[in-house]
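There are 2 protein chains.
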Amino acid sequence: MTRKDIDRCANGRSVEHIIIERVTPQVDGGRYPAKRIIGDMVSVGADLIKDGHDVLAARTLYKGPGYTDWCRAPLQFDFDSDRWYSEFCVDRLGKWSFTIEAWTDATATWRRGLEKNVAAGLDVGSDLLDGARLVRGVAEDAPFGAARESLLRSATLLEGGRDVSIEKRIQCAFDEELLALMEEHYRPPDLTRLGHEIPIIVDRKRAQFGAWYELFPRSQVAPEEVATPNAHPRHATFDDAAAGLPRIASLGFDVVYLAPIHPIGRTHRKGRNNSLTSDPDDVGSPWAIGNENGGHTAIEPALGSIADFDRFVETARDLGMEVALDYALQCSPDHPWVKEHPDWFFIRADGSIKYAENPPKKYQDIYPLNFWCADREGLWQACRDVLLFWVAHGVKTFRVDNPHTKPPAFWEWVIDDIRRAHPDVIFFAEAFTRPKRMKSLAKLGFTMSYTYFTWKNGAVELREYFEELTRSPVVEYFRGNLFTNTPDILNEYLVKGGRPAFRVRLLLAGTLLPSYGIYSGFELCENVPAGEGSEEYLDSEKYQILPRDYCAPGNINDDIERLNAVRREHRVLQRYDNLSFHTSENPSILFYRKAARVPIVQWLGEAPAAIPLKIATQSAADAARVGEGESAGDILVAVNTDPANVQEGFVHVPIEDMGIGHHEPYLVHDLLTGASHTWRGARNYVRLDPAEQPGHLFLVERGVRSSRVMQSPEND
Amino acid sequence: MTRKDIDRCANGRSVEHIIIERVTPQVDGGRYPAKRIIGDMVSVGADLIKDGHDVLAARTLYKGPGYTDWCRAPLQFDFDSDRWYSEFCVDRLGKWSFTIEAWTDATATWRRGLEKNVAAGLDVGSDLLDGARLVRGVAEDAPFGAARESLLRSATLLEGGRDVSIEKRIQCAFDEELLALMEEHYRPPDLTRLGHEIPIIVDRKRAQFGAWYELFPRSQVAPEEVATPNAHPRHATFDDAAAGLPRIASLGFDVVYLAPIHPIGRTHRKGRNNSLTSDPDDVGSPWAIGNENGGHTAIEPALGSIADFDRFVETARDLGMEVALDYALQCSPDHPWVKEHPDWFFIRADGSIKYAENPPKKYQDIYPLNFWCADREGLWQACRDVLLFWVAHGVKTFRVDNPHTKPPAFWEWVIDDIRRAHPDVIFFAEAFTRPKRMKSLAKLGFTMSYTYFTWKNGAVELREYFEELTRSPVVEYFRGNLFTNTPDILNEYLVKGGRPAFRVRLLLAGTLLPSYGIYSGFELCENVPAGEGSEEYLDSEKYQILPRDYCAPGNINDDIERLNAVRREHRVLQRYDNLSFHTSENPSILFYRKAARVPIVQWLGEAPAAIPLKIATQSAADAARVGEGESAGDILVAVNTDPANVQEGFVHVPIEDMGIGHHEPYLVHDLLTGASHTWRGARNYVRLDPAEQPGHLFLVERGVRSSRVMQSPEND
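Top line first, the protein sequences correspond to chains A and B.
Everything in the first sequence is counted per the working numbering, starting at 6 for the first residue and increasing by one.
Everything in the second sequence is counted per the working numbering, starting at 6 for the first residue and increasing by one.
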């Protein structure tokens with residue numbers, strides 16, 4: 006055995022003085038970044054293990070994009086959880102990283118022993134000499150100057166001499182200035198750094214919070230044209246669509262997401278209701294991208310020009326909204342790439358290009374791309390350049406069609422590549438696939454994702470699903486965006502439940518998570534399926550122009566407007582990690598809280614790390630993450646998930662978690678109706694008539710004297 | 006951007022076609038080995054993620070010590086858990102490793118599509134041509150020979166021609182021989198291997214199962230000498246101790262663990278009852294190692310010579326037992342190393358060698374070693390050579406004193422170094438420290454560990470603690486050995502509870518985990534503490550010779566003998582992962598099951614992976630791990646943890662887990678008393694009088710016709 010052998014541990018790593026483990030936040034051991042929003046405090050945790058009783062010290066090293074060196078944040082020890090914590094603020098968009106350093110704090114170890122021996126009345130002469138040696142060693146390592154001189158003086162004093170009293174020497178040992186100099190100049194011989202750097206990705210706030218509205222631009226003709234039914238309605242333009250934007254803005258939406266706006270293929274074009282044959286005047290599915298007018302960077306001429314599009318984007322921006330485009334990486338047989346780069350597709354042995362299929366089903370209007378073709382470089386770059394083209398036209402949000410049918414490696418590369426130059430770009434995954442694949446796409450870089458929300462309609466399944474999304478390690482990397490419906494998904498719950506069901510789903514979508522969306526027509530409670538048990542719409546807008554009167558009777562515009570206003574006003578509805586469910590004695594009523602203050606949970610594997618409540622609730626992080634909103638109160642939500650019947654019963658308010666005493670009255674103020682009630686204790690009664698109100702959205706107001714509440718008229 | 010950029014993902018890794026994640030078993034992402042026993046089946050699990058609908062295939066690659074190449078075990082897909090599984094047997098001691106490879110099964114993907122299209126009556130001409138191209142490609146990669154010829158013939162047949170019917174071509178596509186050739190010769194272009202190899206350490210069975218007996222050789226005088234109390238008893242020799250071994254063997258112990266046998270320091274030698282001063286005839290603590298007669302490789306002359314020791318080891322071996330030594334890395338001031346290598350210790354600024362201290366306490370009879378001294382290489386090798394010396398004298402098990410006061414890096418190195426040449430060596434950590442540090446030592450390489458068992462005496466805390474040890478990821482790397490008492494730990498429960506308490510603790514220790522031990526005197530129910538509230542024994546054997554009459558009245562030798570016999574007879578008591586707790590309506594009664602068959606649980610982070618029951622219960626692994634014992638029945642244990650009172654009540658047998666019908670009678674046969682009862686259903690009554698019986702140890706016998714049971718007299 007050589008010295009070299011002894012310098013390596015069993016696993017070939019170099020010898021470490023201190024073990025640093027269970028570091029949070031990290032996703033899959035640092036393989037993928039954890040996600041945060043700009044301005045967040047990142048709460049770091051770690052276990053440190055060393056032999057013996059020495060005092061340890063540690064710090065987090067962190068850096069953001071453009072940082073030339075590490076910043077440092079000291080880690081503090083929490084005795085109860087036997088764990089170390091620190092935090093830092095992520096104040097720039099992009100990729101951050103952090104790691105951890107630990108060492109033995111020789112000064113603190115020496116001073117602690119000395120202090121105990123002094124207190125026990127023991128002879129501390131040798132302790133003082135040991136300290137003098139330590140201080141002198143640090144001084145000799147320090148650069149020439151005042152600090153070094155001061156350290157040398159302290160060492161001499163600690164060493165004593167004929168004229169120096171023991172008291173004076175002890176006093177020197179505990180001098181604060183000496184301590185500060187030691188901390189500054191001590192170079193620990195056992196400094197140990199975590200073997201890897203842990204990535205964190207920082208997004209803008211819209212990555213977490215926003216209300217989305219999906220529309221087909223070609224259907225957006227003016228309301229007055231809609232009055233008379235027409236078998237062949239006019240193809241709307243971007244200017245028509247822009248004229249409709251003020252309505253959408255007034256409803257309180259943040260993002261307008263457009264179905265694809267590109268030229269549509271002619272070969273095997275689908276007719277109305279997904280017919281395999283089409284009439285000459287059928288407009289086709291906009292997801293069959295590309296014809297003689299161009300492909301993914303072109304605009305369907307009937308919609309207008311790129312200048313018209315730019316104007317549309319500008320109009321939206323002026324109204325405080327942003328435009329999201331669909332990114333669907335597939336081609337119609339008429340797409341320019343088919344001629345220019347047939348090698349980018351799958352060429353069959355018979356020489357033909359392979360169309361999309363899921364045997365025995367065939368989708369002859371679509372050619373999938375062969376991402377592993379010989380010219381992979383050319384294809385991947387072309388796909389990337391499509392994004393760059395639209396980014397240059399002011400689009401910073403892409404809803405990605407079926408990402409689970411394209412290689413994970415492509416997504417990891419292209420998202421990273423785009424975000425290096427444009428860290429404000431948002432990628433929204435439409436990955437209706439198995440849970441592991443859906444989650445994997447989020448890990449690989451997707452900013453947010455569709456969810457299984459449309460298929461979770463009962464109170465029990467809603468609770469289970471949202472606990473998984475918000476109270477498990479998934480919360481570190483997966484952000485759900487709760488669409489109530491899509492052009493592909495009209496759930497049976499809406500079909501059978503009608504208008505009350507639409508109001509229930511709207512309320513759930515807008516309060517369970519901070520991001521949600523509707524596909525146009527939802528506000529009109531459109532719910533006629535293509536057939537019994539089908540989730541497709543009859544006369545689906547995917548295959549035809551569908552003008553609408555958005556103010557038609559039965560609309561739920563008022564609900565939408567009110568909900569979006571409340572969401573903007575109340576910060577607790579804009580956070581992802583503050584959802585908790587609570588007992589409702591009536592199983593049809595779902596009862597949950599969006600909390601203003603929550604302990605910082607650190608996810609380790611499948612379970613949370615010990616949570617140092619003391620640290621978490623007193624930390625600046627907690628204050629910073631909570632206290633900025635216009636309203637800092639908790640919100641309680643009770644929703645009747647049964648759209649057909651009145652449901653009533655008791656719900657259990659988590660008054661202990663909320664710091665409310667057992668006999669203390671508190672005001673619950675319904676943000677939907679303006680009504681107020683004084684509650685007391687945990688168990689309180691609610692009654693929800695789906696014909697009138699789908700649920701309560703209660704702002705909890707504390708410290709109310711009951712007398713004042715009793716006297717006050719109905720608040721608004 | 007260059008080709009090189011596109012070949013790397015965001016994180017600098019090369020592009021992967023398939024994501025392989027959540028691989029089990031692994032400890033901290035493969036940083037530490039998972040532990041297994043020779044002959045175990047290792048059950049491997051992994052999630053595989055790829056885009057699209059192609060058929061995947063995967064295999065585990067594994068190798069043991071001395072393997073020149075990987076062995077392969079195919080992974081099989083379980084749809085319900087969306088996870089892949091395989092298993093392999095570890096049939097050699099030492100360090101194993103495994104990794105995973107996955108790829109797209111192009112042949113299966115093609116055949117599946119073809120099959121569906123054939124079934125749907127579609128034209129499959131192009132599918133057959135695609136297949137022909139695939140087969141031809143594989144043929145061209147194959148070596149010249151029969152296989153290649155056969156593949157080429159198949160390709161030609163699939164391509165068809167004027168004389169070949171479509172039926173014949175389809176028949177060829179589904180030919181089993183073609184399939185086998187394709188599987189053998191296909192070289193997948195997207196073959197993806199997990200980026201790291203995962204270690205597994207394989208120990209001999211004694212690492213998991215054994216009954217330990219701790220003694221001080223110097224106290225082992227013959228029983229006839231013990232009869233008359235003597236203030237200065239004779240110092241026993243190895244020959245005396247060897248004469249006592251048959252008694253220990255007859256009690257059924259497997260390991261005899263000796264307190265240190267080395268020369269004992271004279272400077273600051275401790276007197277009786279840990280007195281700071283000693284009489285000239287005081288023998289001192291054997292943990293103050295070393296004097297003029299030698300150090301860690303020497304033997305206390307009063308015990309005998311190395312030849313006497315060798316004979317002692319041989320006697321034990323002949324009795325079917327092995328000898329474990331204490332490995333205590335510290336020195337008395339008289340240890341030869343102090344003179345030869347003063348630099349291996351901590352030298353204070355005043356020139357003295359630092360003795361052990363925990364300010365303000367001082368332990369002047371002990372010098373700790375400075376593991377990070379300049380001559381670290383020399384010191385570490387010397388410590389390693391101590392182990393090699395005793396290994397050469399037939400010792401393969403070391404009980405390590407206070408490992409948490411020596412560097413983790415030292416343990417990782419020395420254990421690995423020893424076990425490379427001697428993979429049968431067992432390291433048993435006496436790490437009575439905080440939980441994370443105790444666990445860390447197990448990860449670093451300790452084969453087994455002391456636990457907090459002595460301080461867990463109530464039913465609730467026992468259940469919680471043993472669920473943590475056996476039903477959490479800890480089970481992958483930490484093996485507890487349940488000592489009922491040690492020379493340092495006489496728990497209040499034994500002090501207050503007397504003989505019934507000793508019997509309770511014995512039963513718990515011997516059944517909760519497969520490894521347990523007692524320190525001599527336990528069988529005599531010795532329980533006089535050094536003082537009120539002290540865990541030290543009065544007249545502790547650590548500081549004086551303590552001869553005993555091991556057959557003195559009140560002994561529990563019969564209990565020990567019976568328990569050890571039952572443990573040897575029943576395999577379920579020799580397994581670590583088959584413990585589960587069940588409801589007892591009386592909170593003083595602890596009720597648990599040691600199961601003959603358990604599902605294979607794969608630990609991911611803090612929670613188990615989805616468990617594919619179907620796979621687990623049908624696997625060879627399961628059969629192999631269960632069915633070898635002399636008895637394959639489940640064992641149910643009910644223990645009265647209250648040694649002062651009779652306790653009675655109903656316990657809930659997990660009949661569903663055990664496959665027992667609700668009305669089916671079953672026999673429970675008490676292995677401690679021989680009594681049998683017929684039980685029916687889950688809820689059954691027990692009554693435990695601590696004066697008579699500490700608990701029931703029921704073997705469950707199935708398939709008993711109740712009539713037979715009713716007629717049969719008391720069994721056994």
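Do not rely on the hints blindly, as some may be mistaken.
Which copy is meant is left open, because identical chains are indistinguishable; a pair holds if it fits in one copy or across any two.
Calculated pairs, DMTMM-like style, for lysine to aspartate or glutamate (alpha carbon to alpha carbon, straight line, at most 25 Å) [stated by the list, open to error]:
1) 344 to 145
2) 210 to 189
3) 441 to 110
4) 366 to 662
5) 173 to 537
6) 401 to 472
7) 366 to 323
8) 359 to 172
9) 359 to 348
10) 359 to 120
11) 121 to 382
12) 344 to 355
13) 441 to 87
14) 441 to 675
15) 121 to 145
16) 441 to 33
17) 441 to 259
It is worth saying that the hints were derived from the structure and are not from the lab.
Alpha-carbon proximity context of residue 344 and residue 145, limit 25 Å | Neither, since 74 Å and 31 Å both go past 25 Å.
inquiry  = At most 25 Å between CA atoms: does that hold for residue 210 and residue 189 within a copy, between copies, both, or neither?
reply    = neither (38 Å within a copy, 53 Å between copies)
field: Copy assignment of residue 359 with residue 172, given that the CA separation must stay at most 25 Å
entry: Intra 90 Å, inter 24 Å, cutoff 25 Å: inter-copy only.
At most 25 Å between C-alpha atoms: does residue 359 with residue 348 qualify within a copy, between copies, both, or neither? Within. Shortest intra-copy distance 11 Å satisfies the 25 Å Cα cut-off; inter-copy 76 Å does not.
With 25 Å as the alpha-carbon cut-off, assign the pair residue 173 and residue 537 to within, between, both or neither.
neither (92 Å within a copy, 42 Å between copies)
Homomeric proximity label, residue 121 with residue 382: Cα distance no greater than 25 Å: So residue 121 and residue 382 fail the 25 Å test inside a copy (68 Å) and across (34 Å) alike.
Item to complete: Check residue 441 against residue 675 for me: Cα-Cα at most 25 Å, and say if that holds within a copy, between copies, both or neither.
Response: neither (38 Å within a copy, 48 Å between copies)
Is it within, between, both, or neither for residue 366 and residue 323, if the alpha carbons may be no more than 25 Å apart? neither (45 Å within a copy, 74 Å between copies)
Reference check for the pair residue 344 and residue 355, CA-CA at most 25 Å: within, between, both, or neither?
within (17 Å within a copy, 87 Å between copies)
**Prompt:** Given a CA cutoff of 25 Å, do residue 121 and residue 145 count as a within-copy pair, a between-copy pair, both, or neither?
**Reply:** neither (28 Å within a copy, 80 Å between copies)
Within, between, both or neither: residue 441, residue 87 at alpha-carbon 25 Å: For residue 441 and residue 87, only the inter-copy Cα distance (8 Å) is at most 25 Å; the intra-copy one is 33 Å.
- Message: Please sort residue 441 with residue 110 into within, between, both or neither, judging by C-alpha distance up to 25 Å.
- Response: Intra 44 Å, inter 20 Å, cutoff 25 Å: inter-copy only.
This entry does not satisfy hints 1, 2, 4, 5, 6, 7, 11, 14, 15, 17, going by the numbered hints stated previously.
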